[in-house]
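**Q** The chain contents come next:
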Amino acid sequence: MPGGPTVRFAVISTLLAATLLMPPAEGASAPSHHPALPGLPNPKVMTGDAGRFGGEFLDSQVSDPRTFNPILAQETSSTGPLGTLFDGLVEDNGETTQTEPALAESWKTSPDGKTWTFVLRQGLQWDDGQPLTADDVVFTFGVIFDKNIPNSLADVLSVAGKPVQASKVDARTVAFHTAEPFGPFLRTIGVSILPRHKLEASYKAGKFRQTWGVNTPPSELVGSGPYIMTEYRPAERVRYVRNPHYWKVDAQGHRLPYIDRVVLRIVPSQEALRLLFQGKQTDSYGLRPKEYAAFKRDEKTGNYTVFDGGPTFGTEFLVFNQNSRSGLPDYKLKWFANQKFRQAVSYATDRQAIINQVYAGHAVVQYGPESPADKFFFNPHVMQYPYDLTKAAQVLAEGGFKKGSDGMLRDADGHPVEFVISTNSDNQDRVAIANIMRQDLSQLGMRVTLVPEAFNTLVNKLVESFKWETMVLGLTGGIEPHNGQNVWRSDGSLHMWNPKEAKPATPWEAQIDRYFNLGATTVDQNRRREYYYQYQAIVAEQVPVVYTAIPNAYVAVRNKFGNIHFTAFGGPFWNFPVIFFKP
Amino acid sequence: MVRYILRRLLLLGPLLFGITLVSWAAIQLVPGSGNYFQALVLQYPQISPQTIAALKAQFGMDQPPWIQYFRWLWSILHLDFGLSFAYNVPVTWLIGSRALNTLLLSLTSLVVAWSVALPLGIYSAVHQYSAMDGVLNTAAFVAISIPSFFSALLLLYAAYWTHLLPLQGLTSVDFDTYPWWGQVLDIARHLVLPTIALGLFSVGGLMRYMRNNLLEVLRSDYVKTARAKGLAERRVIYRHAVRNAINPLITFFGFELGGLLSGAAFVENIMGYPGLGRLILEALLKKDVFVVMASLLLGSVMLILGNLTADIMLAYVDPRIRYD
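These protein sequences, in sequence, are chains R and V.
The first sequence maps to residues 1 to 583 in the numbering used here.
The second sequence maps to residues 584 to 907 in the numbering used here.
For the record, the hints were derived by calculation from the structure and aren't laboratory data.
Note that the Cβ used here is the ideal one computed from N, Cα and C, for glycine as well.
One or more of the hints may lead you astray.
Unchecked claim - Incomplete in silico selection of chain R near chain V, CB under 10 Å: (1) L72; (2) Q74; (3) D112; (4) S152; (5) N215; (6) P268; (7) L275.
Said to hold, decoys possible - A few chain V positions that, by computed beta-carbon distances, are all more than 10 Å from chain R: (8) M584; (9) R586; (10) S606; (11) P628; (12) R681; (13) V694; (14) V695; (15) Q711; (16) V725; (17) I729.
So that you can see chain V by itself, here it is in the shape it has in the complex:
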């Protein structure tokens, strides 16, 4: 197992190299797509071409694209991710200042989504074709059909009319004057809407997934055997069926771990949540290349690690799976 993990981690290097090379090419080599410095003249008509050239040179962007790439590669090997063009501060600071917020939101919605979806999925599989199953499935299909930006908008308007919850951000204006428990409460209040938008609306798919897996398992021979043996129904379901039905979901969970830092962009943008998504979207539109590259790298690492975690968990949950 340890050898397997080491081998996977060793593969990380070449994989990341390939990812960065391709994304660099996608950003910098597309003809006619423009760059950050060109747009300055429209933002600030008085700027001279000399000043633009000097700014460009400052970031090494006057070099041919492949030299830019290898310089960037060389510096990230020294853990220097460069400066943002727009902010002129280290990319690591920019990402660091927002990453924890996104992580917090992603984790709360992950926990909410899974802790709601799994029991509901199990319930509706066990009570297949009951009235409650019908209600749950209908609700699930509605939730699946509503895209997260739209659900965020709906929630925002609900909050606007009811005045119950804050409309934007993660903290109140007077946050700093609150005692520690007030601060925790304040953050919790601000988290409710984005968590629902991001988490609750993904319950639908997850629940359907759990339901189908479990139904399939419940129809298999060993479940019949267990029942025939006279095992209690509870024991049949929770001890045997659910444990097997959950395997495919663990792979899915790995993907979700990979999206912890990048999966919230839409909701962040609508709810004014101070997360990474807003930063990255802006950087992408403005072609703030080092910020985009660093976030791509971060996203890739997260995805790879998420999958690795899922594989390890799978081996742990299912003794039939062996990697050595």
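Excised from the complex, chain R in its bound form:
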């Protein structure tokens, strides 16, 4: 995505994010006579209309993959192209958001919640025909937790700072042991499994970090996913063909995927993506909210349909610097640490104007830290701050601020309220949001300056020098609140308003820490929901971050495809193996 820090994490968040503990059972609507294939007695059955085989799907993305090594892949530009090559033990259903069996056909938890045992499907094969076994799973987790291979999966999978221990029980069974019961375990364990027979030699030679870089011939890559990579031309395209050993079937028992070949074109910008789609050279385009009207209008002539996935997980917000290490004058820190001040700014934020002007009306207001796209953990009953400048002025007065006869707002000690909003200049939406906020705040008598800066400069301020006053920024979330702990825990490095606190600076931060700890170590999902409800209520009440609006997700897809079930969580192609060309 162009425009900076809200780097979108489609595939990883699909793997990591989410909701319910699924009973260890096979896919949703398993027919009474379960389809089987020779050598693969229990394939996963994907639901959907019966499709046709064949065809070539034309996709596109901005910027090149960075690596073909799924353990080192971090950005969407890599995880996207690799998503069709590798599988995890479990996967999230893009529609229901529930965790479902994938390479593993079933699992169970020990009574103390610390041991998880997974049974792999019988007869799984890598795309080169070698068997996929428990050894591959154990190897993968060994690599992830190797100290010489820094990777962020290790951070996600650590429980109480300790690695998850994987051990082989038999050829098809793997046991995982965690130091503490781990609530988000199922949501995080679905990482891409690596083929040991291809990678062990380079791993043992200490060369894993340089293995499967983008300079590797695609024929070297071995995966278990629906497609096999056949070509990579830097800055041009990636090509795939279907994997004849794939482990999913349709309801009639035909081996998936339906579509034979996939071409992923690599282009330099969002504008180029749009041009290719409108020139009918690609089959889908994820449009920005403000493009909705134009694309809706041309649906017929362009022979496509615009799907509405509802709110996304992307947030845009204003955050106040409360960090005493920032070098800000004490009186400014005092404003930003004043709950009334922050609440007043929230009341003065015209979210509807932001929705109308920035997102052309295609967004929803946001007051709490989670998105309504999260059907399970989202708390709809948090404190709300509808736009009301009178109310804002009243709250400011309660907080000890007074508007003088010159129209200038002053604090109790007479300091005029003046501050800077920084944001990254390459993101038009953020600059617009900051401008709308600035106008309303100046009506309250604050003197606010907007400073758009280079993205790297902004990041440096945020994580190293701390020399900033307020910032308009965005982050992308998922459905598992635990993955936000780096932001919300007081010792988190992305705890923006006061990073890496030695101990919680305020009672409410201590409360949030407590709920995050409880949420991490509780396996009962309904109790976890209670804890995360509490955290959302506290954040909305304390407003360390003034949330603005969450845009909706839209995608345009050509009408020739069957089984499209678009959701903001899963994207248009989460069920790609059953998507087919209509006759």
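Got chain R sorted already, so can you dock chain V onto it with the hints?
**A** Relative to the frame of chain R, chain V by itself:
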């Protein structure tokens, strides 16, 4: 002459050292400009500070800037240009995978630009103040005033509406299935738009340059003498005037040679051309330091060699120029 070339090549070393030192300082010492590893936490909020520190150490970026620099210098002396932070593959591979494409585009547009501009410049100088001269000059001024990214955009929209030429890239999706002549044709088709955007729009300046030089020469005494001698006009122009008028253009040509690998970034970015410019721009924005340094080094070497080539050509074209 050979001694002169050797001396110039010897000077290359210290010059490059100076260039790398300054560019390293510009990238790494500017306070508050951030670095590649810092930004990881915003891209991937779950990453721990320990993992970021380990990644940083992996590339030696945990050292003080001057140690980083000398380590880098030491390794490039062994022709090791390091690994890209973002890709974790050798910088030489990254650059190598795109350099030929950029070279191809730069050469085609160079050839197109010069082979169109020189005859037009000569024609309009010889036919000064004619109607055609007026038309050519107006066109030249228009071409000069349009920046290359804008001309690329215009061409892109023209291609979009006419469906005549491909919109992005260097090869078609089914390129690999074509016979060899089909592949050549396919690349040629893809080259048309970027070549026009990059080459044809630089014709304007070049043509004006040629025209002015030639006019100046045509007014000089020896041309009058040649005409007075009764030489045919063709011979006066092509044999005497043009040869002299072209000298300043050769220096200009040297600069263009220097820009062969770096001059196409805008057009590449708009036309989705798989060249170096896109890679370097991205590396610069992300502060992928080794990629930026290697491309700067490459650009400097090209520029120096381009100028050297121009100087040698100048000596060859103009017997009055002697370097020894």
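**Q** Run every hint past the structure and note whether it holds.
**A** Hints, verified against the model:
Proximity of R:L72 to chain V holds as hinted, the smallest CB-CB distance being about 7 Å (cut-off 10 Å). Given the 10 Å rule on beta carbons, the hint for R:Q74 holds: about 5 Å separates it from the nearest Cβ of chain V. The criterion of a C-beta within 10 Å of any C-beta in chain V is not met by R:D112, whose closest approach is roughly 26 Å, and the hint is violated. Interface hint status for R:S152: upheld, as the beta-carbon distance to the closest one in chain V is roughly 4 Å, under 10 Å.
Interface restraint check for R:N215: the shortest CB-CB distance to chain V comes to about 5 Å, inside 10 Å, so the restraint holds. Interface hint at R:P268: satisfied, since its Cβ lies 5 Å from the closest Cβ of chain V, which is below the 10 Å cut-off. The beta carbon of R:L275 comes within 6 Å of a beta carbon in chain V, closer than 10 Å, and the hint placing it at the interface holds. Every CB of chain R lies more than 10 Å from the CB of V:M584, the least distance being 41 Å, so the non-interface label holds.
At roughly 42 Å from the closest C-beta of chain R, the C-beta of V:R586 stays outside 10 Å, upholding its exclusion from the interface. The non-interface label for V:S606 is consistent with chain R: the shortest C-beta to C-beta separation is roughly 17 Å, beyond 10 Å. Distance check for V:P628 against chain R: the nearest CB is about 5 Å away, which does not clear 10 Å, and the non-interface claim fails. Distance to chain R contradicts V:R681 as a non-interface residue, since its nearest Cβ pair spans about 6 Å, not more than 10 Å.
Interface exclusion of V:V694 from chain R stands, the closest Cβ pair being 23 Å apart, more than 10 Å. With a least beta-carbon separation of about 23 Å from chain R, V:V695 lies farther than 10 Å from that chain, consistent with its non-interface assignment. No beta-carbon of chain R comes within 10 Å of the beta-carbon of V:Q711; the shortest separation is about 43 Å. Every beta carbon of chain R lies more than 10 Å from that of V:V725, the smallest distance being close to 25 Å; the non-interface claim holds.
Look at V:I729: its CB is around 19 Å from the nearest CB on chain R, clear of 10 Å, so calling it non-interface holds up.
Going through the hint list in order, the structure does not satisfy hints 3, 11, 12.
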